[in-house]
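Chains A and B supply the protein sequences, listed in that same order.
So the working numbering is basically just the index in the first sequence, starting at one, shifted up by 54.
So the working numbering is basically just the index in the second sequence, starting at one, shifted up by 100.
These are computed hints drawn from the structure, not numbers from a lab.
Predicted, not measured: the structure shown is a model, and the values here were computed from it.
A portion of the hints provided could be inaccurate.
[To be verified] The calculated lysine-lysine pairs, modelled on DSS-like cross-linking and capped at a C-alpha distance of 25 Å, are:
(1) K131/B to K399/B
(2) K177/A to K156/A
(3) K140/A to K156/A
(4) K133/A to K85/A
(5) K295/B to K178/A
(6) K108/A to K140/A
(7) K294/B to K178/A
(8) K294/B to K190/A
(9) K156/A to K259/B
(10) K259/B to K190/A
(11) K301/B to K178/A
(12) K300/B to K190/A
(13) K399/B to K102/B
(14) K295/B to K177/A
(15) K294/B to K177/A
(16) K294/B to K156/A
(17) K350/B to K301/B
(18) K251/B to K189/B
(19) K180/B to K190/A
(20) K130/B to K399/B
(21) K190/A to K288/B
(22) K251/B to K294/B
(23) K350/B to K244/B
(24) K301/B to K190/A
(25) K173/A to K300/B
(26) K173/A to K295/B
(27) K288/B to K301/B
(28) K102/B to K150/A
(29) K189/B to K402/B
(30) K294/B to K173/A
(31) K288/B to K156/A
(32) K150/A to K73/A
(33) K295/B to K156/A
(34) K177/A to K300/B
(35) K108/A to K85/A
(36) K177/A to K301/B
(37) K189/B to K150/A
(38) K173/A to K102/B
(39) K99/A to K140/A
(40) K150/A to K190/A
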Amino acid sequence: MNIDAIKDGFVIDHITAGKGMAIYELLGLDKLECPVAIIMNAGSKKMGKKDIIKIDGEVPLNLEVIGYADPDVTVNIIKGGTLTEKLTIPMPETLKNVIFCKNPRCITSVEQELDHIFKLTDKKENVYRCIYCESKG
Amino acid sequence: MKSLIDILDFTVEEIDELLVVANDIIANPKKYSEMCHGKKLATLFFEPSTRTRLSFEAAMYELGGNVLGFSEAGSSSSAKGESVADTAKMISCYADIIAMRHPKEGAPLVASMNASIPVINAGDGGHNHPTQTLTDLLTINREKGRFENLKIGFCGDLKFGRTVHSLINAMSRYEGNTIYLVSPTELKLPDYVKKDVLDKKNISYVETQSLEDVMPELDILYMTRVQRERFFNEEEYLRLRDRYILVPEKLLSAKEDLIIMHPLPRVNEISVAVDDDSRACYFRQALYGKYIRMALILKLLKEAGTI
Chain A
55 MNIDAIKDGF
65 VIDHITAGKG
75 MAIYELLGLD
85 KLECPVAIIM
95 NAGSKKMGKK
105 DIIKIDGEVP
115 LNLEVIGYAD
125 PDVTVNIIKG
135 GTLTEKLTIP
145 MPETLKNVIF
155 CKNPRCITSV
165 EQELDHIFKL
175 TDKKENVYRC
185 IYCESKG
Chain B
101 MKSLIDILDF
111 TVEEIDELLV
121 VANDIIANPK
131 KYSEMCHGKK
141 LATLFFEPST
151 RTRLSFEAAM
161 YELGGNVLGF
171 SEAGSSSSAK
181 GESVADTAKM
191 ISCYADIIAM
201 RHPKEGAPLV
211 ASMNASIPVI
221 NAGDGGHNHP
231 TQTLTDLLTI
241 NREKGRFENL
251 KIGFCGDLKF
261 GRTVHSLINA
271 MSRYEGNTIY
281 LVSPTELKLP
291 DYVKKDVLDK
301 KNISYVETQS
311 LEDVMPELDI
321 LYMTRVQRER
331 FFNEEEYLRL
341 RDRYILVPEK
351 LLSAKEDLII
361 MHPLPRVNEI
371 SVAVDDDSRA
381 CYFRQALYGK
391 YIRMALILKL
401 LKEAGTI
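All chains, full assembly: derive it from the sequences and hints.
Written out as structure tokens, the structure is:
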């Protein structure tokens with residue numbers, strides 16, 4: 055499978071196999087006009103199998119979303135065809151309007167203007183809770 | 101701006117300070133009778149309540165302050181679609197402190213994020229009710245004199261009972277307590293409370309369906325009401341409601357210095373025949389609720405620089 059080398063953009067690497075599509079959707083990559091490639095189940099010495107997303111364009115990326123969806127990924131920043139930076143993304147302490155509270159008893163269910171804010175309450179188990187009603191995200 | 105939304109907003113030291121002030125108010129009420137002169141408490145009750153609203157109002161009057169507000173959503177601007185955030189901003193122009201009850205979970209937090217005056221959560225749906233927990237703590241402090249090495253039985257609805265969850269959380273911060281969880285299978289304490297509070301803090305606990313089995317062990321028996329509004333099926337409600345009814349005969353095996361607590365209102369889970377037993381302290385508990393709210397109003401107004 056051939057995918058052109060990226061000139062200016064990002065490679066989101068070491069995505070846990072199977073999570074590529076979820077990250078694609080959370081980042082809203084379907085709305086981009088630049089070339090985007092998702093490679094699923096690519097071979098990996100470290101992980102056995104992994105997913106990779108390549109974005110050929112200097113677009114704004116919400117790195118928090120990546121940290122929430124899969125804290126093991128690395129984001130490679132490419133400029134002029136060269137790797138300029140390699141980022142590991144820690145799990146964010148707070149998520150704002152990334153995930154939405156589904157608890158019908160929560161104040162967010164009736165007040166549409168409110169931001170949906172979740173806080174990381176258990177790093178080990180990757181648990182985020184709504185700051186208003188404490189429901190799991 | 102310091103508010104009280106969740107009991108965990110206060111450290112153990114802050115709670116201890118509140119208890120000291122509440123005890124001093126009980127001993128020297130005159131000393132406090134003008135401390136809030138010229139200050140106003142807004143009671144924003146978006147759903148009906150008797151005890152909590154009246155105890156807040158009584159607390160403010162006994163501090164020499166005044167009260168304004170509403171006691172149901174229908175008589176407020178929320179009926180016209182006003183948001184909690186706007187209500188909080190608007191009330192900040194008229195009052196010095198807010199006590200809010202709301203049927204939606206998290207509404208008082210939203211108010212505190214938008215108000216320029218302190219906000220007290222007076223109950224948000226089935227979520228938090230921190231002033232009930234403070235009331236329970238003052239009751240235990242006054243009646244038992246300690247928070248450590250107690251055997252505490254919670255009986256009835258442990259699934260939906262927010263007062264139970266909050267008190268377990270608060271008591272888990274003290275050493276050497278054993279918790280007895282007495283409920284039918286359908287109303288057991290949720291797993292997340294066991295995992296996040298009891299297991300995490302290594303609190304020993306016993307789950308049982310028999311109140312009689314654990315009665316001789318207990319220092320505190322905390323009875324709860326099975327709430328009709330939590331059930332879709334009336335038959336199921338009636339069956340579970342009548343599962344544990346405390347009558348004088350059941351107390352024969354109990355300790356002489358047991359205290360029986362209940363957040364009130366009760367339906368039939370404690371027979372009125374128990375009221376005359378000196379171990380029944382639920383009406384004293386309601387009275388303590390006023391004193392701890394006085395201490396709380398003072399603390400928050402002092403921290404806001406209002407008094």
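Hints, verified against the model:
no.: 1; hint: K131/B to K399/B; result: 15 Å, holds
no.: 2; hint: K177/A to K156/A; result: 21 Å, holds
no.: 3; hint: K140/A to K156/A; result: 35 Å, violated
no.: 4; hint: K133/A to K85/A; result: 22 Å, holds
no.: 5; hint: K295/B to K178/A; result: 14 Å, holds
no.: 6; hint: K108/A to K140/A; result: 14 Å, holds
no.: 7; hint: K294/B to K178/A; result: 18 Å, holds
no.: 8; hint: K294/B to K190/A; result: 16 Å, holds
no.: 9; hint: K156/A to K259/B; result: 20 Å, holds
no.: 10; hint: K259/B to K190/A; result: 17 Å, holds
no.: 11; hint: K301/B to K178/A; result: 17 Å, holds
no.: 12; hint: K300/B to K190/A; result: 18 Å, holds
no.: 13; hint: K399/B to K102/B; result: 9 Å, holds
no.: 14; hint: K295/B to K177/A; result: 15 Å, holds
no.: 15; hint: K294/B to K177/A; result: 19 Å, holds
no.: 16; hint: K294/B to K156/A; result: 23 Å, holds
no.: 17; hint: K350/B to K301/B; result: 32 Å, violated
no.: 18; hint: K251/B to K189/B; result: 44 Å, violated
no.: 19; hint: K180/B to K190/A; result: 31 Å, violated
no.: 20; hint: K130/B to K399/B; result: 18 Å, holds
no.: 21; hint: K190/A to K288/B; result: 20 Å, holds
no.: 22; hint: K251/B to K294/B; result: 17 Å, holds
no.: 23; hint: K350/B to K244/B; result: 21 Å, holds
no.: 24; hint: K301/B to K190/A; result: 21 Å, holds
no.: 25; hint: K173/A to K300/B; result: 19 Å, holds
no.: 26; hint: K173/A to K295/B; result: 19 Å, holds
no.: 27; hint: K288/B to K301/B; result: 19 Å, holds
no.: 28; hint: K102/B to K150/A; result: 23 Å, holds
no.: 29; hint: K189/B to K402/B; result: 20 Å, holds
no.: 30; hint: K294/B to K173/A; result: 21 Å, holds
no.: 31; hint: K288/B to K156/A; result: 24 Å, holds
no.: 32; hint: K150/A to K73/A; result: 21 Å, holds
no.: 33; hint: K295/B to K156/A; result: 22 Å, holds
no.: 34; hint: K177/A to K300/B; result: 14 Å, holds
no.: 35; hint: K108/A to K85/A; result: 15 Å, holds
no.: 36; hint: K177/A to K301/B; result: 17 Å, holds
no.: 37; hint: K189/B to K150/A; result: 23 Å, holds
no.: 38; hint: K173/A to K102/B; result: 20 Å, holds
no.: 39; hint: K99/A to K140/A; result: 18 Å, holds
no.: 40; hint: K150/A to K190/A; result: 14 Å, holds
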